[in-house]
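Using the hints, build the complex out of the two chains.
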Amino acid sequence: MKAIDKLFKEKKDILSIYFTAGYPTLESTQEIIKTLEKNRTDLIEVGLPYSDPIADGPVIQKSSQKALENSMCISLLFSQLKAIKKEIHVPLILMGYYNQFLRFGEEAFLKKCKEVGLSGIILADLPAEIYQDKYRGLFEKYELAFIFLVTPKSSDARILKLSKLSKVFLYVISSTATTGVKDRFEKEQLDFFKRIQKLNLKIPTLIGFGISNRDSFSMACQYAQGGIIGSAFINALNEKDIKGSVQNFIESIV
Amino acid sequence: MNSPLIDEKGFYGDFGGAFVPEMLWPNIEELQECYQRIIAEKDFQADFKILLRDYVGRPTPLFFCEKLSRKYNARIYLKREDLNHTGAHKINNTIGQALMAKRLGKRKIIAETGAGQHGVATATVCALLDLECTVFMGAFDMQRQKPNVARMKMLNAKVIPVISGNKTLKDAVNETLRYWINHPETYYLIGSVVGPHPYPKMVAYFQSVISEEIRKQVFKKEGRTAPDYIIACVGGGSNAAGAFYHFLKDLSVQLIAVEAAGLGTHTDQTAATTVKGSKGVLHGSMTLVMQDKDGQIIEPYSISAGLDYPGIGPMHAHLFQNRRAQFLNVTDKEALQATYELTQLEGIIPALESAHALAALAKLSFKKEEVVVVNLSGRGDKDMESYIKTIDQFSKDEGYR
Ligand SMILES: Cc1ncc(COP(=O)(O)O)c(C=O)c1O
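Respectively, the protein sequence lines represent chains H and Y.
Residue 64 in my numbering is what sits at position 64 of the first sequence, and the numbering runs on without skipping anything.
Residue 314 in my numbering is what sits at position 314 of the second sequence, and the numbering runs on without skipping anything.
One chain only, chain Y, in its complex shape (with noise of 0.2 angstroms):
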């Protein structure tokens, strides 16, 4: 696994590193020591790519969308990662760091979730693997996004409220980490390209299949070795990196890493790390966080569980300061009518995370030649909650008004 960007411990530049309490050492240093052998072994590759094509359903279709591109003025395409099994990009990760936990021995699975895609992509791959799975949840989150929590319940997830804090992903993060020290023999599967090294690393590769299928896609419909353009959102920034990976060093590659902004960069209740924060230490990494002046992380919001995060992953924030990427964010209310635009035009319900991503197509001014790849990481079955609340808002439906 030939990782673009990274050293050999774990710095993105200025970001990345391994900032953990010596409790945590023993497991960080296993992993340091083993991941890399464990990933080349030749029955590893061909464990994790059967189980994307056959059980995920890889590779995800890139899609035309004729009536988005004539109103973007683009050649606008969709990555359909919302039609992977689970429904979102975050099973690639969870199969990949599955088969790698069962190559060291351990049985028992801990993981964090936001939206509850993460968790159930762990409890599904948990259930086919025989492997015990407890997921720490804020309380909050599992209000906002119910489906999902029933889902792990079913595929027999022990899911774990957490009520500290804000009680969304930051805290599930926090207690997940103190859980894995007072039970040192379970294996964390973290759920983006976030922790201590060799955790954004590791995920990072096996996400970045995602930007591997976009390459031959993208020369099998337009003839070209890559798009002009390439739009994810960031939370901790997994799906990103994943549609980002191949065309990071490929400099005509435009990356655009969106980010929430909740109720406004003016405003305190935002999730847009790279405007509001500064470098810190969050969850194990050096990397950009919200924070005040005393490094006491501030409480982020945004509309999207997924999202609302108050840091970035250590490679995004080395791709914002040596500006390979351009940042931009989204607020809750054009994430929506994001969502309502692609259901109505294309018949496509996307995720809350995923809308962010959208949102930002009204943002930039493309040639009509250019070739746009949006990464739509997951699909909005999870989010029909908050939907329901908005059709009178948004629906053209004037009888259902």
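Looking at chain H on its own, in the form it has when it is part of the complex (with noise of 0.2 angstroms):
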């Protein structure tokens, strides 16, 4: 069985982490990817930096920004993942923009993605309605799962019809906000982690945005089978010390 099935059959209390690559230093990825797989990190989401990241907050932007103005690019970001390829065992998902996986040529990309191991896919802004008719069969030759993001503003239907699209597992956006951190999840978040729950959706959910500290990640652990965290773990990285920020960070969480 593929380690991303795996995981989501097997494992509670799904930590997952999302930085961008090339931050805070060019060669940073792959020392962040074998930390993070040390420590107690089930998935991990490389974000590819993007020139006009319109769905992030301001950390995630100035993340990306710097990103780019170190020189990461594609194809680097690919060959940074093949070389560390087969000691790396926790599934990776891939984070990006549609222009990029446009410009890159779909069939190519999904290709290259698959070469050098990687699980999955997130394009913020590829509509369902495309995804359906242009792509989901290229995403399922290249065996990539495909995930969907909803929010508490998504209606009952369109929760119940991205689940059915998505593969894995389904993202659930805590809030209507770009990415960001925040202290705590308030009324009106655990009213929409409750709907989704009532909804008994055939595919495992994970909470992101706005996750930054042990509450907030128990929380919504309590509510779906796990959550994903960003700016806060991108806020905590020290560019002198990866490693031993990257621990410090996954100890104050769990």
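Some hints here could point you the wrong way.
Stated by the list, open to error - Heads up, simulated DSS-like pairs for lysine-lysine below, C-alpha to C-alpha not over 30 angstroms straight-line: (1) Lys62/H to Lys216/Y; (2) Lys85/H to Lys293/Y; (3) Lys279/Y to Lys66/H; (4) Lys276/Y to Lys134/H; (5) Lys9/H to Lys167/H.
To be clear, the hints were calculated from the coordinates, so they are not data collected in a lab.
Next up, the structure:
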């Protein structure tokens, strides 16, 4: 069985970490992944830095800008991932924007993703209808999971529809917001998590956006199979001590 | 609103659509479901028409330029959008969309602006219709279009400086989209024929009054149902979309779209998307964009803040691809020359954006009896600072020099 399927079959309280490739330095990508694997992390989302990340708040925007200034590019990221493929067992997901996928050539992109050992892809601005009409078959051909996002403003019908299209898990965005750090979940967000629970989806969920500490992570685990942390992790990264800063952050969460 | 060229999913051929993150989907869906019904309502049409007439001052004149005509050997007319209230074509669209927002029950308006004309037009309509207004503007554009920043503030709009990227129009749109994600109760009043469906179609429709009037006016003055040429500048492309709209299917009319070449298309300081661009997604729609091999958007450059944008609207990408429109480009310097020419020959100071359309006259060759309409999208008041810097170069006044 594929590692990512196995993870969702067997594990609760899944800890997923997002970071931007090429931040804080061009070479930090591999070290971050290796350190995360050794420190409790179940799933890693590697952000492909983009010039115009409209779904991202200030922290990820800044990290993307820095990564691009550091000259991170798609082919370099693919070769960095390929180089550590053998030693990494934690499933990796690539997160980017549709234009990056389109420009590379869609099938060539998926072929590369498969080759370097990625398990899935999130493209924040690829509409479900276009995925269904144009790309679903290609993702299946290369055995890559395409993961959809839902938000508190998504209707029940839409959540059901996207849960059927999404592979492996459904990404539940905690609030109607760009990515970013919040202290805790408010009632409105908890109501949304409960609404999702009531829908009895046939696919597991992870909660993301706004998880920043032990409390919010454990809250996410109460309502979903785990949580995704991005901005708070990126804030915690220390260029001079990648390993130490990653370890300290994970210890502060679990 | 029977819009030309576009299908029900919002595609003009290969271009258009709604490539938005899930967070924006409910807002886009609401608009997609409602806009056609609202626009078709009798009282919407009545409100729109009355405001265009009594508040904006429409119809705008079609002015015959005797001296320009002699110089370029054709019958040259200017469509005087510069005479609209607030000084540009932008207000046609802001009135339409503000009425739309009200009918959707939204009281808070957000908008991006480049040259500040769309920001001013939005702030103006919001003052008139009691709506709250927040405008995002690149910090660099705030500097080069100071009078418009002051006007927005007088009109009680909140102007938020955008400091990402080149601090220009593209970055202002990004920031407005992010704000919209975080504040889904607001209405995004977009300023050109760009963005996710249905914006390009809706904005083109609200601007189509320009070509509706051109048709009637050309008939009155020339006894013909259409001109031979229509020339308009293209930033996102709203004034061009409005000027072309009712002539799109009339193949006898040559449509000329003029992009900003900046320092020249042989340099990397340019905003000529059809020369430098390729198919890609920008601000929620599939179109032509300036991008690198990884799909990273390339920062554009033009002296004109309203044309300093790395894409064009999907309708224009389609018109370029199927060659219905001819695309030309004009450098900063050629635009400035055109400004001084119009000022000195006809006594009209154009906006820098509109000066790009005027500069195209020198790049085309006409027959004497041909009727040419240049869409003069706006007036030059906002650009006085740029013009003052260049008076020495272009003015004929020796004493001043
Ligand atoms: C006077 C004027 N013309 C043209 C434009 C360019 O916009 P569009 O291409 O949407 O007409 C602007 C934009 O700010 C403007 O102010």
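Cross-check of the supplied hints:
Among the hinted pairs, Lys62/H with Lys216/Y is inconsistent with the structure: their alpha-carbon atoms are about 52 angstroms apart, more than 30 angstroms. Distance restraint check for Lys85/H and Lys293/Y: the Cα-Cα separation of roughly 25 angstroms lies within the 30 angstroms cut-off, and the hinted pair is therefore satisfied. Of the supplied pair hints, the one linking Lys279/Y and Lys66/H holds, its CA atoms being roughly 26 angstroms apart against a limit of 30 angstroms. A hinted pair counts as satisfied when its Cα atoms are at most 30 angstroms apart, and Lys276/Y with Lys134/H qualifies at roughly 27 angstroms.
Pair hint Lys9/H plus Lys167/H holds up; C-alpha atoms about 13 angstroms apart against a cutoff of 30 angstroms.
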